[in-house]
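Could you build all of it, start to finish, from the sequences and the hints given here?
Heads up: the sequence lines are chains S and G, in that order. In case it helps, the numbering used here puts the first sequence at residues 114 to 396. In case it helps, the numbering used here puts the second sequence at residues 70 to 343.
One or more hints might be untrue.
Within a straight-line C-alpha distance of at most 30 Å, the following computed BS3-like cross-link-like pairs (lysine-lysine) qualify [stated by the list, open to error]:
#1 S/Lys267 to S/Lys324
#2 S/Lys267 to S/Lys250
#3 S/Lys179 to S/Lys266
#4 S/Lys251 to S/Lys162
#5 G/Lys200 to G/Lys251
#6 S/Lys120 to S/Lys250
#7 S/Lys345 to S/Lys299
#8 S/Lys387 to G/Lys123
#9 G/Lys200 to S/Lys267
#10 S/Lys267 to G/Lys251
#11 S/Lys120 to S/Lys138
#12 G/Lys251 to G/Lys218
#13 S/Lys251 to S/Lys203
#14 S/Lys120 to G/Lys251
#15 S/Lys267 to S/Lys251
#16 G/Lys81 to S/Lys203
#17 S/Lys203 to S/Lys345
#18 G/Lys200 to G/Lys218
#19 S/Lys138 to S/Lys345
#20 S/Lys162 to S/Lys250
#21 S/Lys345 to S/Lys266
#22 G/Lys81 to S/Lys266
#23 S/Lys267 to S/Lys299
#24 G/Lys81 to S/Lys324
#25 S/Lys249 to S/Lys162
#26 S/Lys179 to S/Lys324
#27 S/Lys120 to G/Lys218
#28 S/Lys345 to G/Lys200
#29 S/Lys179 to S/Lys162
#30 S/Lys345 to S/Lys162
#31 S/Lys266 to G/Lys123
#32 G/Lys81 to S/Lys299
#33 S/Lys251 to S/Lys324
These aren't lab readings, by the way, just hints derived from the structure by calculation.
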Amino acid sequence: MSSKTNKQTDTSYWDERRGLFRTSKGGWIIGEAVYNHGYSMMDDLVGHKTFFQVLVLNVTGRLAEKNLADWLEASFICLSWPDPRIWCNKVGTLAGTMQCSPAAAVSVGILAADSRMYASGALVAGAEFIIEAVEKKKAGLSVEEIVNAELEKKAKRSAAKPVIMGYARPIATGDERVIAMERVTKTLGFEIGEHLSLAYEIDSYLQNNYKESINMLGYCVAFMVDQAFCNKEITRLFSTWVNSGVHACYAEARDRAPESFLPLRCDDIEYQGKIERPVPNIT
Amino acid sequence: MDSHKATTQVEKRDDTFVERSSTRIWQEVASEDNPYIAEHNRCHGYDLIDLVQKRSFVDVLYLLFRGELPTSEQSQLLEQLLIAQINPGPRHPATQAAMNAGVSRASYSHILPIALSVQGGEHLGGSEVEKAMRYFQQSINQQPNVLAKQLLETVQRPSEADWHIVPGFGSRYGGIDTFQNKIVSCLTELTASGPALNWGSQFAEQLQHHDLGWLSTGVAAAVLTDLGFPPRAGAGMFQIISAPGLLAHGLEMTTQPVTAMPFLDEDHYVIENQ
Chain S
114 MSSKTNKQTD
124 TSYWDERRGL
134 FRTSKGGWII
144 GEAVYNHGYS
154 MMDDLVGHKT
164 FFQVLVLNVT
174 GRLAEKNLAD
184 WLEASFICLS
194 WPDPRIWCNK
204 VGTLAGTMQC
214 SPAAAVSVGI
224 LAADSRMYAS
234 GALVAGAEFI
244 IEAVEKKKAG
254 LSVEEIVNAE
264 LEKKAKRSAA
274 KPVIMGYARP
284 IATGDERVIA
294 MERVTKTLGF
304 EIGEHLSLAY
314 EIDSYLQNNY
324 KESINMLGYC
334 VAFMVDQAFC
344 NKEITRLFST
354 WVNSGVHACY
364 AEARDRAPES
374 FLPLRCDDIE
384 YQGKIERPVP
394 NIT
Chain G
70 MDSHKATTQV
80 EKRDDTFVER
90 SSTRIWQEVA
100 SEDNPYIAEH
110 NRCHGYDLID
120 LVQKRSFVDV
130 LYLLFRGELP
140 TSEQSQLLEQ
150 LLIAQINPGP
160 RHPATQAAMN
170 AGVSRASYSH
180 ILPIALSVQG
190 GEHLGGSEVE
200 KAMRYFQQSI
210 NQQPNVLAKQ
220 LLETVQRPSE
230 ADWHIVPGFG
240 SRYGGIDTFQ
250 NKIVSCLTEL
260 TASGPALNWG
270 SQFAEQLQHH
280 DLGWLSTGVA
290 AAVLTDLGFP
300 PRAGAGMFQI
310 ISAPGLLAHG
320 LEMTTQPVTA
330 MPFLDEDHYV
340 IENQ
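Structure (structure tokens):
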């Protein structure tokens, strides 16, 4: 195959952007202000709006009402367990016991939670499910049909243990965080919208038939879709969901002696591989 | 429905967790006087000291992931890929991330993780390599010319910027990344070059009249596929391969003043719609 082409490639798209950046988000005009979606950060936001209101602004371009920002903050507290047995927290603890910096520890803890199994990494699938479920319900499908269709998609898993993102969870059944967030939702004056309403119907069906229930992720994505956030926005807003819990686990480990967290003897790892063999000479 | 409550009690599942983890890769044999110190380390049964003395880095890299030492031909193919993609180059966004971290005095230990995270993306990054490897697995039994024709007729070209018609193949800055063709020419001459590289070359040839061709991710994916790596290893292997270049560029900037990289002035940083 030739490595040269005979014609001049049209690079105008890149040429127009070379050395020039156009933003609709904002930025620093030195000596004047730091602008954020039309607001002056220091004049309009600092001291007037909460961190979570500004987080929503940065992610979506829309300044959230305070009650929604408070709801989001509560949801972040729900994911702030200081328990190093939780996978993302354990990563933070391991970073602490190896004397890494807090930024490294929290970053890798957040990365670990970008998981298909739980936390922020599972949000996309959870949001897709409830958005599609509402569409299916509007098209006339029953809750049973919606659930079965989802389970069939994942037929490789046992139907006795439903695998629907937003329902069931590792380690335990039920979810105390949902109960806490229900209280927050009510206190902050939110109504239950169509997605959360259907999420509850699915919850009831799964409780009756599989003894599984809605989890924190399922509750939050349904609520957020009802608040007019799209899947992409939800994923971005919750991307650092676990950061506070990782902090706790990191801090404790960092303040103790290095490698004192669950040290492993050689035989604490079971070797199941090939037996000892000589290295062959290169032929 | 506002009376609904999540009523299920929180109860521990009866999952059985293992008492200790296991591995088939690495054996650590404890010293007699300290059970935490490994007296011997073995990789898939081979003593690490023997490997140090008798084998190349590339051989042991292959061994780690594949469980057996490579043939000399396989080792040569992997080594040539490692060299060919050792550095994405100073303009690449992952390298720029490393350089930005370096010039802005980020901790030295952060430079590589920062760059590798950027190098893991779905566009020309590790995630694209994984997808490209899956694509090779799915498509390798189809005629590349038939498949290319079908794709060109059915897949919508984006209205702006580059087009990756399938993972690992597409345009780069509007045209063909001709340097990838040079790399492929080297690799396909090797004995261990296999069906994925061959299929990819035929596929790329069918695309070239549409300004599409091999991408770096496709080349890595083809070689890794031919060497028997699973797609789930593709993202990380791609990160490993480019790590030396990313780190070198990042470190180079750590001795430079912060002015050694551009900081757009107001004329070139335009805030719109405020």
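A quick look at each hint next to the structure:
1. A threshold of 30 Å between alpha carbons decides the hint, and for S/Lys267 with S/Lys324 the separation of about 18 Å falls inside it, so the pair holds.
2. Between S/Lys267 and S/Lys250 the alpha-carbon distance is near 20 Å, which keeps this suggested pair within the 30 Å criterion.
3. Under the criterion of a C-alpha separation no larger than 30 Å, the hint pairing S/Lys179 with S/Lys266 is inconsistent with the structure, at around 39 Å.
4. Between S/Lys251 and S/Lys162 the alpha-carbon distance is near 38 Å, which puts this suggested pair outside the 30 Å criterion.
5. For the hint linking G/Lys200 to G/Lys251, the alpha-carbon distance of about 23 Å falls within 30 Å, and the restraint holds.
6. This hinted pair does not check out: S/Lys120 and S/Lys250 have alpha carbons roughly 54 Å apart, beyond 30 Å.
7. Between S/Lys345 and S/Lys299, the direct Cα distance comes to roughly 26 Å. Compliance with the 30 Å bound is thereby established for this hinted pair.
8. For the suggested pair S/Lys387 and G/Lys123, the alpha carbons sit about 19 Å apart, so the restraint of at most 30 Å is met.
9. With a C-alpha separation of about 20 Å, the suggested pairing of G/Lys200 with S/Lys267 holds against the 30 Å cut-off.
10. Only pairs whose Cα atoms come within 30 Å are accepted, and S/Lys267 paired with G/Lys251 is rejected, the gap being roughly 43 Å.
11. Of the pairs offered as hints, the one joining S/Lys120 and S/Lys138 is violated, with about 38 Å between alpha carbons and a cut-off of 30 Å exceeded.
12. The hinted pair formed by G/Lys251 and G/Lys218 meets the criterion: a straight-line CA distance of about 24 Å does not exceed 30 Å.
13. A C-alpha spacing of about 43 Å is found between S/Lys251 and S/Lys203, which places the hinted pair above 30 Å, so the restraint is violated.
14. About 19 Å separates the Cα atoms of S/Lys120 and G/Lys251, which keeps this hinted pair within 30 Å; it holds.
15. Restraint check for S/Lys267 and S/Lys251: the C-alpha separation of about 23 Å stays at or below 30 Å, so the hint holds.
16. Taken as a hint, the G/Lys81 and S/Lys203 pair is honoured in the structure, with Cα atoms around 20 Å apart against an allowance of 30 Å.
17. The hinted pair formed by S/Lys203 and S/Lys345 meets the criterion: a straight-line CA distance of about 28 Å does not exceed 30 Å.
18. Distance check on the hinted pair: G/Lys200 and G/Lys218 sit about 21 Å apart at the alpha-carbon level, within 30 Å; holds.
19. Distance hint between S/Lys138 and S/Lys345 is fulfilled; the C-alpha atoms sit about 17 Å from each other, no more than 30 Å.
20. Annotation: proposed proximity of S/Lys162 to S/Lys250 is violated, straight-line Cα distance about 38 Å (limit 30 Å).
21. A hinted pair counts as satisfied when its Cα atoms are at most 30 Å apart, and S/Lys345 with S/Lys266 qualifies at roughly 23 Å.
22. Distance check on the hinted pair: G/Lys81 and S/Lys266 sit about 27 Å apart at the alpha-carbon level, within 30 Å; holds.
23. Of the supplied pair hints, the one linking S/Lys267 and S/Lys299 is violated, its CA atoms being roughly 34 Å apart against a limit of 30 Å.
24. As the CA atoms of G/Lys81 and S/Lys324 are separated by approximately 13 Å, the hinted pair is consistent with the 30 Å bound.
25. A threshold of 30 Å between alpha carbons decides the hint, and for S/Lys249 with S/Lys162 the separation of about 38 Å lies outside it, so the pair is violated.
26. Between S/Lys179 and S/Lys324, the direct Cα distance comes to roughly 36 Å. Violation of the 30 Å bound is thereby established for this hinted pair.
27. Straight-line distance between C-alpha atoms of S/Lys120 and G/Lys218 comes to about 22 Å, which keeps the hinted pair within the 30 Å bound.
28. At most 30 Å may separate the alpha-carbon atoms for a hinted pair to count; S/Lys345 and G/Lys200 meet this at roughly 21 Å.
29. A hinted pair counts as satisfied when its Cα atoms are at most 30 Å apart, and S/Lys179 with S/Lys162 qualifies at roughly 8 Å.
30. Simply put, S/Lys345 and S/Lys162 have alpha-carbon atoms about 24 Å apart, close enough for the 30 Å limit, and the pair holds.
31. In summary, the hint linking S/Lys266 to G/Lys123 is not supported, as the alpha carbons are separated by about 50 Å, beyond the 30 Å threshold.
32. With a CA separation close to 28 Å, the supplied pair G/Lys81 and S/Lys299 stays within the 30 Å bound.
33. Under the criterion of a C-alpha separation no larger than 30 Å, the hint pairing S/Lys251 with S/Lys324 is consistent with the structure, at around 26 Å.
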